[in-house]
Amino acid sequence: MRYEKPQTVADAARLLTAEKGITRVLGGGTDVLVQLKAGMVEPDLIVDIKALPGIRAIVAEAGGFRIGAAVSNAQLGEDAAVRAMWPGVVEAAGLIGSTQVQGRATMAGNLCNASPAGDAVPALVAAGAVARVAGPGAARDVPVEAIPAGPGKTTLKRGEFITSILLPARPAKSGDAYLRFIPRTEMDIAVASAAVSLTLNDHGVITAARVALGAVAPTVRLVDDAAAAIIGTKLHDDALAALAAACSAACAPIDDKRGTIEFRTEVAGVLAKRAARIAYTRAGGQA
Amino acid sequence: MSSISVSTTVNGDPVDFVCTPDESLLDALRNRMGLTGAKEGCGTGDCGACSVTLNGRLVCSCLVLAAEAEGAEIATVEGMAGPEGLHPLQRAFIDHAALQCGVCTPGILVAAKALLERNPDPSDEEVRYWLAGNLCRCTGYDKIVRAVQAAAAEMRSA
Ligand SMILES: Cc1cc2nc3c(=O)[nH]c(=O)nc-3n(C[C@H](O)[C@H](O)[C@H](O)COP(=O)(O)OP(=O)(O)OC[C@H]3O[C@@H](n4cnc5c(N)ncnc54)[C@H](O)[C@@H]3O)c2cc1C
Ligand code: FES
Ligand code: FES
Chain S
1282 MRYEKPQTVA
1292 DAARLLTAEK
1302 GITRVLGGGT
1312 DVLVQLKAGM
1322 VEPDLIVDIK
1332 ALPGIRAIVA
1342 EAGGFRIGAA
1352 VSNAQLGEDA
1362 AVRAMWPGVV
1372 EAAGLIGSTQ
1382 VQGRATMAGN
1392 LCNASPAGDA
1402 VPALVAAGAV
1412 ARVAGPGAAR
1422 DVPVEAIPAG
1432 PGKTTLKRGE
1442 FITSILLPAR
1452 PAKSGDAYLR
1462 FIPRTEMDIA
1472 VASAAVSLTL
1482 NDHGVITAAR
1492 VALGAVAPTV
1502 RLVDDAAAAI
1512 IGTKLHDDAL
1522 AALAAACSAA
1532 CAPIDDKRGT
1542 IEFRTEVAGV
1552 LAKRAARIAY
1562 TRAGGQA
Chain Z
9 MSSISVSTTV
19 NGDPVDFVCT
29 PDESLLDALR
39 NRMGLTGAKE
49 GCGTGDCGAC
59 SVTLNGRLVC
69 SCLVLAAEAE
79 GAEIATVEGM
89 AGPEGLHPLQ
99 RAFIDHAALQ
109 CGVCTPGILV
119 AAKALLERNP
129 DPSDEEVRYW
139 LAGNLCRCTG
149 YDKIVRAVQA
159 AAAEMRSA
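Respectively, the protein sequence lines represent chains S and Z.
For the first sequence, the numbering used here begins at 1282 and goes up steadily by one.
For the second sequence, the numbering used here begins at 9 and goes up steadily by one.
Mixed in with the good hints, there may be bad ones.
Unchecked claim - For each label pair, taking beta carbons as the anchor points, the in silico distance ranges come out as: (1) Z:11 with S:1288: 34 to 42 Å; (2) Z:164 with S:1468: 41 to 49 Å; (3) S:1418 with Z:79: 26 to 34 Å; (4) S:1555 with Z:94: 44 to 52 Å.
Claimed, not checked - According to the in silico footprint, chain Z covers these stretches of chain S (three or more CB under 8 Å from chain Z): (5) 1361-1368; (6) 1375-1389; (7) 1435-1449.
Claimed, not checked - Footprint (simulated), chain S over chain Z, 3 or more residues, beta carbon under 8 Å: (8) 101-111; (9) 145-155.
Keep in mind the hints are simulated off the structure, nothing from the lab.
What you are looking at is a predicted structure, and each value in this text was computed from that prediction instead of being measured.
Glycine is no exception: its CB is placed at the ideal position from the N, C-alpha and C atoms.
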């Protein structure tokens, strides 16, 4: 195994493209090192991206925020401006692991590790976040929901990696929230999770919404039917019931020791309802 | 596997060492630098016995590659006591019997120090959440929380 820490994006892409064997991009390493230790992967080349220009910066852009791919979740959580605009995303990233893990783990790594249970991913999907992908060709922008391809697999091509994630601008009267179910209160993997982002008009009617579910399908799911169930409503009980039903209908979970299919399907709907209420209140609505 | 030479700073002192590309910072600290305070409880980020700070951030040294230490500032439990003696946290852990076998203790001390630098007056709940990634098989955590609070009170009045 070789370890490289390139200083430019072009060099990083060149290294990743030129290597014939197995490569791993190294962000915070909280998945990569565990996988190395377990012998799950034996890379020929590790490319540490943490020295690339701007990769650890949070920059205001077009009314939103561009989050460098190597920004740790601890750093993200300390940014009051991002927290104010996208509290659900920041909270989701903040749920990942312990204080020690927070000091290293990144949202880009959570996304590219492509676990169906990654906590930052549903919140990013609900937020309409966009990943900037660098590689041998020109940089391209990809909606985050198009990155995971299945457990442990992404749609990134050979030599490609994420340099930043854009959290877009949002209209006034918007809010987002993320909730997960775990058997403990800390340090556990989501059994089911839900993220909701929404915008209200002056009368408290939802005009736009995005709903995403985690840990209930091979990849995080953006559920258009669930968003449609609450758009045009003030989130009254019938709208919440329709939201939960649409979420449960979108579930295709596995059955394992952490949760049965029935449990995950039901809980995903319940979490979506609760997350929607929090997002609604954050947007300034009277629930 | 080729070796990598690394120049870093540990507890304020410049250190040079050679490591393999897949070696963890924890292994380099223990086996190359002789700093055996940080312990390997799990090697997978779950127990916190290997806690150190890397450029001021609390991390699990088992989840950091030794090669990543190039140019970095690392602090371990070995750097906690000053010329005047033990750090207030170290004294409080002894006074409150907040350790038994002591395997978790170096990691908890480093983690608690990082907490008090950010938040000199934490609630018990804040202490428990901050230390959730530091597992102890012996003490039951209560004495640990009380020791951290005692040290925090002493440091605030200092
Ligand atoms: C104790 C512990 C607790 C944890 N708890 C949780 C939890 O509660 N919830 C949760 O979701 N996860 C959890 N995790 C998993 C892990 O911390 C997260 O998935 C984290 O977000 C990974 O980020 P990273 O920067 O450390 O990724 P890395 O380990 O650096 O990388 C992860 C994967 O993504 C790739 N990658 C990284 N960055 C990029 C990039 N910029 N472009 C392309 N590919 C990239 C890597 O090659 C690798 O395949 C936990 C891990 C540990 C050790
Ligand atoms: S040895 Fe590093 S967390 Fe357990
Ligand atoms: S004192 Fe034994 S593990 Fe904590």
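Inset, instruction - Given that the stretch 1375-1389 of chain S was listed as covered by chain Z, double-check it with a C-beta distance under 8 Å for 3 or more residues. - result: holds (count 7)
Inset, instruction - Apply the coverage criterion to the stretch 1435-1449 of chain S and chain Z: a residue qualifies when its Cβ sits closer than 8 Å to a Cβ of the chain, and three qualifying residues are needed. - result: Per the Cβ count (0), the hint is violated.
Inset, instruction - Take the stretch 145-155 of chain Z, compare each residue's beta carbon with every beta carbon of chain S, and decide whether three or more fall closer than 8 Å. - result: violated (count 0)
Legend entry - residue 1468 of chain S and residue 164 of chain Z - C-beta distance against the hinted 41 to 49 Å: Because 29 Å falls outside the window, the suggested range is violated.
Inset, instruction - Indicate whether the distance between the beta carbons of residue 1418 of chain S and residue 79 of chain Z respects the range 26 to 34 Å. - result: Holds: the Cβ-Cβ distance is about 32 Å, inside 26 to 34 Å.
Inset, instruction - For residue 1555 of chain S and residue 94 of chain Z, compare the CB-CB distance with the range 44 to 52 Å and indicate the outcome. - result: holds, 47 Å
Inset, instruction - Count the residues of the stretch 1361-1368 of chain S whose CB lies closer than 8 Å to any CB of chain Z, then report whether that count reaches three. - result: The restraint on the stretch 1361-1368 of chain S is violated, since only 0 of its residues have a Cβ under 8 Å from chain Z and three are required.
Legend entry - Per-stretch coverage check for the stretch 101-111 of chain Z, three Cβ contacts closer than 8 Å to chain S: violated (count 0)
Inset, instruction - For residue 11 of chain Z and residue 1288 of chain S, compare the CB-CB distance with the range 34 to 42 Å and indicate the outcome. - result: violated, 22 Å
In the structure shown, a violation is registered for the earlier hints numbered 1, 2, 5, 7, 8 and 9, in ascending order.
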